[in-house]
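> Just need the whole structure built from these sequences, with the hints factored in.
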Amino acid sequence: MSKSSSQARIASDMDHEPMALSAAPTPKRRVQLMRPSLPDKAEAFAVFDELWETRLLSNFGRYSRLFEQRAQAYFQSERRFLAVSSCDTGLILTLRALGLEPGDEVLVPSFTFNSTVNSITWNGLKPVFCDIDPETFTLDPADAARRIGPRTKAMIGVHVFGAPCDCHALEALAKERGLKLVFDAAQAFGTRYQGEAITEFGDAGVFSFSGTKVVTSGEGGLAYFKDPAVANRFDHLRRYGFIGDYRTKWVGLNGKMSEFHSALAWLGIPGADQAVAYRNAVASLYRQRLPFLRFQHIFEGCRSTYKDVAVLVKDPDGLGAQLAAEGIETKRYFMPNHFMDPFQHLGPFDLPVTEEVYRSILCLPIHNEIARADLDYVTDALLAARG
1 MSKSSSQARI ASDMDHEPMA LSAAPTPKRR VQLMRPSLPD KAEAFAVFDE LWETRLLSNF
61 GRYSRLFEQR AQAYFQSERR FLAVSSCDTG LILTLRALGL EPGDEVLVPS FTFNSTVNSI
121 TWNGLKPVFC DIDPETFTLD PADAARRIGP RTKAMIGVHV FGAPCDCHAL EALAKERGLK
181 LVFDAAQAFG TRYQGEAITE FGDAGVFSFS GTKVVTSGEG GLAYFKDPAV ANRFDHLRRY
241 GFIGDYRTKW VGLNGKMSEF HSALAWLGIP GADQAVAYRN AVASLYRQRL PFLRFQHIFE
301 GCRSTYKDVA VLVKDPDGLG AQLAAEGIET KRYFMPNHFM DPFQHLGPFD LPVTEEVYRS
361 ILCLPIHNEI ARADLDYVTD ALLAARG
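The numbering of the sequence shown is our numbering, which starts it at 1 and goes up by one.
Please note: incorrect hints may appear among the correct ones.
[To be verified] Straight-line C-alpha distance at most 20 Å; calculated SDA-like pairs for lysine to any residue:
1. Lys28 x Leu375
2. Lys175 x Asp143
3. Lys331 x Arg386
4. Lys331 x Asn114
5. Lys175 x Ala142
6. Lys226 x Glu196
7. Lys331 x Asp315
8. Lys126 x Pro336
9. Lys331 x Gly318
10. Lys331 x Pro316
11. Lys314 x Ala384
12. Lys28 x Leu383
13. Lys175 x Val128
14. Lys331 x Glu356
15. Lys314 x Tyr333
16. Lys314 x Thr330
17. Lys249 x Leu100
18. Lys126 x Glu101
19. Lys314 x Pro336
20. Lys41 x Gly211
21. Lys314 x Ala325
22. Lys28 x Ala385
23. Lys314 x Arg332
24. Lys28 x Ala371
25. Lys126 x Pro342
26. Lys226 x Gly195
27. Lys331 x Arg359
28. Lys314 x Glu329
29. Lys41 x Pro270
30. Lys41 x Leu66
31. Lys314 x Leu383
32. Lys126 x Phe343
33. Lys331 x Arg30
34. Lys331 x Val313
No lab work stands behind these hints: they were computed from the structure.
Below you can see the structure in the form of C-alpha cells.
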C-alpha cells in the first residue's frame, strides 16, 4: 500500500473513532473554590480522648473557656469574648443584648449573607437596606447616613469577604447620631483595620467558625463586646437566660458551643496569621497575573482575610461556566437580600451599587492549602477566556 493510500486509510478509520473516544474524555484538573483546614489530627484526637474520659461535652466547659481566652490573647484585646453555637445565633443574641426594642430600625447592607438580616427580623426589628461602596463592597457610610430616621437605633457593618469596613467613618456616624454599631465579622477572623485588630471597633461583633472560614471549628461563633454589662447580658442569653441557678434573668435560648467544636477552634487559632498571610499571597498572585480584572479594594494600611477573592466581570455566569468546564469552581454571591421574598414589603429599593456589584461579581478559588500549580491553572484559564 502506498504512503498516500495508508494516510487515506488512517483518515478513514479516524472518521469512525470519535463516537468511541468521546465516552472517555480527557480528565481535567479539579480546583476547589474552598477547602477547610483542620489542626493536626494527633493533637485534635488527644483532646477528644480527654473529652471521652471526662464526658464534659458542652455547657461552656474547659475548652469553651480556653477558646475564648486564646481569642482574646490573639487580638490583644481588653474586650470580652464569648463563644456561641453559630455566628447567626450570636448576631441574634447580640442585638437582643444591646437592648433594642421591637420596631426599632437597623441600618444594614443588602449585600450580605442573609444571617445578618435574619438577626434583625428575629428580634422584631426593621431592617433598612443601605447601599455599598463600589470598590470595597462594604457598607457605604454616606448612604447609611442619609437613611437614618427617627426610629433608627443601630447599624450593622459587614466585613465582606474579610475586607474591613470603613470603621472610623462608621464609628463617627454612630457616635454623631447615637446609634449602636455592630459588625458582622463572620469572615474576618484575622482582619485588621489601620493596623488595629478588627475587634476594637464598634459596640460588638461576631465571628463565624463554620466550615468555609479561614479558621474553622466545623460550626461555631464568637462574639465580642465593648461594654461589660452588654457582655453579661449576652452571657445569660446564650445559656437559656440564666447562669447556674436555673432562674431566668432574661429570656434566652440555647446558644452553647460544644466542647468538640470549641476545642477545634482553640487548636486552629495559632495558625490564623499564617493562613491569612498565605491567602494574601494568593490574592497578590491573582492581582499580578490578572491586572485586567477589577478586584475588591482593600483600604490602605488594612488587612483582609481573603475568605474569598472577589472580582467584577462583564458576564460572571458565562465566565463561571467556562471555568467549570475546565474543572475550576467559582461562586456568585451575595444575592442582595432585597431581592428575596421575605423583604419585598420593605421596598421600593434604591440600591444601584449593590445591584451592579451583584450583576458582575465572581469569586475565584482560594483556601489555606491551594497549590501554586492550581493557581497557575486558574489564571491560565482566565487569560485564555479573555481571548
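> Hint by hint, note whether the structure agrees.
Hint-by-hint comparison with the structure:
| no. | hint | in the structure |
| --- | --- | --- |
| 1 | Lys28 x Leu375 | holds, 14 Å |
| 2 | Lys175 x Asp143 | holds, 16 Å |
| 3 | Lys331 x Arg386 | holds, 19 Å |
| 4 | Lys331 x Asn114 | holds, 16 Å |
| 5 | Lys175 x Ala142 | holds, 14 Å |
| 6 | Lys226 x Glu196 | holds, 15 Å |
| 7 | Lys331 x Asp315 | holds, 13 Å |
| 8 | Lys126 x Pro336 | holds, 16 Å |
| 9 | Lys331 x Gly318 | holds, 12 Å |
| 10 | Lys331 x Pro316 | holds, 9 Å |
| 11 | Lys314 x Ala384 | holds, 16 Å |
| 12 | Lys28 x Leu383 | holds, 17 Å |
| 13 | Lys175 x Val128 | holds, 19 Å |
| 14 | Lys331 x Glu356 | holds, 16 Å |
| 15 | Lys314 x Tyr333 | holds, 15 Å |
| 16 | Lys314 x Thr330 | holds, 15 Å |
| 17 | Lys249 x Leu100 | holds, 17 Å |
| 18 | Lys126 x Glu101 | holds, 10 Å |
| 19 | Lys314 x Pro336 | holds, 18 Å |
| 20 | Lys41 x Gly211 | holds, 16 Å |
| 21 | Lys314 x Ala325 | holds, 19 Å |
| 22 | Lys28 x Ala385 | holds, 16 Å |
| 23 | Lys314 x Arg332 | holds, 13 Å |
| 24 | Lys28 x Ala371 | holds, 16 Å |
| 25 | Lys126 x Pro342 | holds, 12 Å |
| 26 | Lys226 x Gly195 | holds, 19 Å |
| 27 | Lys331 x Arg359 | holds, 13 Å |
| 28 | Lys314 x Glu329 | holds, 18 Å |
| 29 | Lys41 x Pro270 | holds, 15 Å |
| 30 | Lys41 x Leu66 | holds, 19 Å |
| 31 | Lys314 x Leu383 | holds, 15 Å |
| 32 | Lys126 x Phe343 | holds, 10 Å |
| 33 | Lys331 x Arg30 | holds, 15 Å |
| 34 | Lys331 x Val313 | holds, 13 Å |
Comparing the model with each numbered hint stated earlier shows that all of them hold.
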